[in-house]
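Asks: Chains as they are written, first to last, in the working numbering: chain B, 1 to 755; chain H, 1001 to 1338.
Zero decoy hints are in this set.
Listed next, the in silico DMTMM-like pairs over lysine to aspartate or glutamate satisfying Cα-Cα at most 20 Å (straight line):
(1) H:K1211 to H:D1168
(2) H:K1239 to H:D1307
(3) H:K1211 to H:D1200
(4) B:K49 to H:E1262
(5) B:K49 to H:D1288
(6) B:K49 to H:D1278
(7) H:K1092 to H:D1074
(8) B:K49 to H:E1272
(9) H:K1239 to H:D1200
(10) H:K1088 to H:D1073
(11) B:K49 to H:E1267
(12) H:K1128 to H:D1315
Computed from the model, here is a short list of chain B residues facing chain H with C-beta under 7 Å:
(13) R30
(14) W35
(15) A44
(16) Q47
(17) Q48
It is worth saying that the hints were derived from the structure and are not from the lab. Cβ atoms here follow ideal geometry from the backbone N, Cα and C, with glycine treated the same way.
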Amino acid sequence: MSVLHPALLAAGLACVAAPIIIHFLMRRRRRPVRWAAMRFLLEAYRQQKRRLRFEQLLLLSLRCLLVALIAFALARPIAGRTGIVGPGPRTVYLVIDDSLTSAATDDGGTSALARHKSSAEAILATLDAARGDRAGLLTLGAPADAPVVPPSSDLGSIRRLVGALTPTDAPADFAGALSRIAADLGPEGQDRPLVAMLSDFRAGSVRDAERLPELPRRATLAATTAARVPVSNTALVALEPLRPVILAGAAGPESAAAPAGSTQVRADLQRFGPATATTAATTVRLLAESARGGDATLIGEAVVRWSPGQSQATASVALELERLAPVLREGTSSVVLRAEIDPDALHRDDTRRVSISLRDELRVALIGTRRGGARPTLDAFAPADWARLALEPAADRFGSPAGRVRVSEIDPRVVDSSRLAGVDAVFVLEPDAIDSAAWTRLRAFADSGGLVVVTPAARGGAQTWPDLMLEAFSLDWTVEREPRTLDAGTIAGERPATGELDLLALLVGELTHLAAPVRVSRVLAAQPARGSGHAVLALSDGTPLVLAARPEQFEAAPPSRGVIVYITSALDLDWTDLPARPLMVPLLQEIVRQGVGRAGGAWVSAAGSVPTAPPSAAELRSHEGTTIAVESGRAAQPLRRAAAWRALDSEGVTRGTILVNPDTRASRTDITAPDEIRRWLGAATPGRDLRTLDDGTTSPGGESVASLGGDDPVTPLSLPLLVAAAFVAIAELAVARFASHATVPRSAPPSEAGA
Amino acid sequence: MPDPTPDRPRTDRIRLPEQDASLYLHPQTLSRLRTFELRAKMIVEGVMSGQHRSPYQGFSVEFAQHRPYVAGDDVRHLDWKVFARSDKLHLKQYQQETNLDLVAMVDASGSMDYGSRSFAEASGVGRKTSLDGRDYWSKFDHATALAAAMCYVTLRQGDRAGVVVFADEVRAMVRRSSSTATWRQVVGALSTHPVDRPTDLARATDQTLAKITNRCLLVFISDFFEDPERIRAAFARIKHRGHDLIVFQVLDRAERTFEFSESAPFEGLEGEAALRVDPRAIRRGYLDAINGHVERVERITRSFGFDYQLVDTHDWLGPPLAAFVARRNAQIKRSKYG
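So that you can see chain B by itself, here it is in the shape it has in the complex (with noise of 0.2 Å):
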């Protein structure tokens, strides 16, 4: 037996006590009476206690469970059912998935969810909330949500949020989903749930080396059977420009000139299900939109033509900056780029969008002291002059570069915050000269945005300063003391494996011929851990010659969007002849450029994460209308819908934008074996059947929908209970008409005896 409505129940057997309260009550109202022949009432009273005392506790007993049968009959107790959940009323959890897989349409048209949207309206059609059914509801898009858990009984409300569901961005959460499910369970407990897993299985949904958590004993996991017809997709996984931050010169919002030059953006594109078979030509179309929304203007275009097993391109749209000026035009020097492919089964993943932002100048500032005077000889040359050198080189042939890198100095003992305002790069050239609170400065600068590039002081003997970068960046490196000599090092012609700070994409192609004069005689060689931070560039032997990370931060705070380079060798030709080598300048610039463009450009995020935002952020407001707040420097929610997204203070000023792409992950739209999906699932299940559905489509052979209602009646128990409570009530006004003795004659005086 079970009820409907424990709370109700909880609250009606509260109400037991009440009856107990008011005879306390009662008894502590009563004025005393004075009476005089209290030894008769004493006699009487010893002669007759266990009576009372047993007639009240009856009225008592019979009062109290008047209300806890009224109490059981408001809850709605109901008894006697069984079916594939088992004796009880039915608790059923409906997991739906709703990742960017499920937005796959068929050969007809019909999307994945809504095919599982009409299977979970099919078995809400088989529960009766009268019966003590009830329901939750999960979507699985990640991290998945749980609109309804614990499962209600207001079947209504569960229909309607079910029909309002629309694909996410994201990637299937399997796991997150049974872990609620799991904790929502608990243990131990009478009910004999149902777990209904309403899914495609496609390969973007299922991650077979990710293991699921158990689910308790007396659940049932039942499946819709995995998809069996694969689906043509073609998914834009990556995007990106050469350069996020461009020197275009005159330009911005306070520049009336268009901005001049072209730059490109890279597309990547993937392909899945049968059409990798086959020859195809996708055209891949670049808009311009402004980070405040509006019309988007085409901007670029490219033709991607595959060839039969091709699976992978890259497409490079060319990208003229004046076609920028509609945008720039609305005042903002940033740009979100719009890639959009044409439309296929699966069009979430057809879109995606990246940020550039214009500038007329980046701003270095080098922490060193300059030796070379107004003409200095090579020798005389100090690190920072080789710096200044490389980013600020003399004027092309017509005296006007397109864009240029302003640089200024600090001196390595004022290293303070108004020093570091306004500066989009710091070069750290003598870190032996600077103490650690100089240090923590540096690693605020770093949190806000900017780029730091630490050299090696230009001497010998030991150096004990790296501890103290080591410590303000929370780096997990292994940086030598002592410099180590090279016999002629050389540049690796190939470059390691480098990840997202990839700070010398551009040079690829010309990295070969730059890096052969070049010779390295000595490095304070460092080791990063894995995972913090990589290698740019290294040296023949593997001695990483360029260093790139992101500072740690500690779990609970938001990620750092700083990026710190580290150059193993000094600017020194005692250490290296790079400053007199070709590739000192390319080197240094794409350092700058492309660092400068990584710490402080657009924030870019997958969908389905939780986005930082950037400082002073007290909301994000899509081009839609919906608002999330925003706590502690992230989103409040998992944004799990790709879209550009305006970061605002509290006075409304656009801080920033975070693009949320589709995570291409889930794009993966081949299908899996039934074995293979049976197996993985059954890892929540272990030792027990998972039952299978079929939802009448793609999938025959399985259980119908229909069948886990079963036929099985229930028997409601309220009315009984309720004719049980009247023939108490009967019994209570019994009891207590004859234990108030109300029926007892009343004696008249003894007659006066006369004498």
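Assemble chain H onto chain B, guided by the hints.
Replies: Only chain H this time, still in chain B's reference frame:
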């Protein structure tokens, strides 16, 4: 249901105007009692001869009976004529007629402070409250009125009257006298109020009998909420001393009907612990207990040959008192002459 009695203002002793007999004797009571004389049932000792029989059997008074001679008897009382006829020694005994000595003993224990009748309706003198502020007519009020009536009648016929007020011991006493000042002393002694003490009938009886040298008519006026065996012991002492006794058991009507309907804590007037009880549930047992006690008191009284009268505080005092005195005098005449 009678209202619970309000708390009585506590003063150690409240003196009423001694001459205000109307506080004790309702006019109706006085008018009914003026025509009666109080006669002793038994022979009582007195200084006046004539109206009442004396317990002393002497020489010059009415012959009573013969009894065998025992060693030590005064040989002057031998009846020689009987000795001559039967050759046996017998003494002649005589009866003396004397006056009536009445001692009214009023119970002032805590239980006598209960009453459910309004003072305005019971007092008959236009007062709504007593002089100490009570608005109810207590059993003690009724007892003092009854005692005053008895003394009033006794003094009017020229006999001696005295009063004893007692609870656990004798609290006040007026010696027997027939002088005109006695009435004022009686009224003064009755102008007290009950104390928060239980009744100790035996002790009060002992203390009273110690002050009485001649035989008297004792009138006990009490609710007799006392152990029956102690009552029996007290009456036995009175009987042994040769006194006559009239017992008036005063009860409030609420005590005899117990018509309470709502559960309430009952607090005793003699220091008993409070008892929370549903009166409807316990009523039958209570009535059985108190009626049994009343019957036992009456049975004990009559077992000694004394008179017993149950008095209800809700009844007028005059008619039942007059009827009682009339019945008593008739009995005395029948036993004397019949």
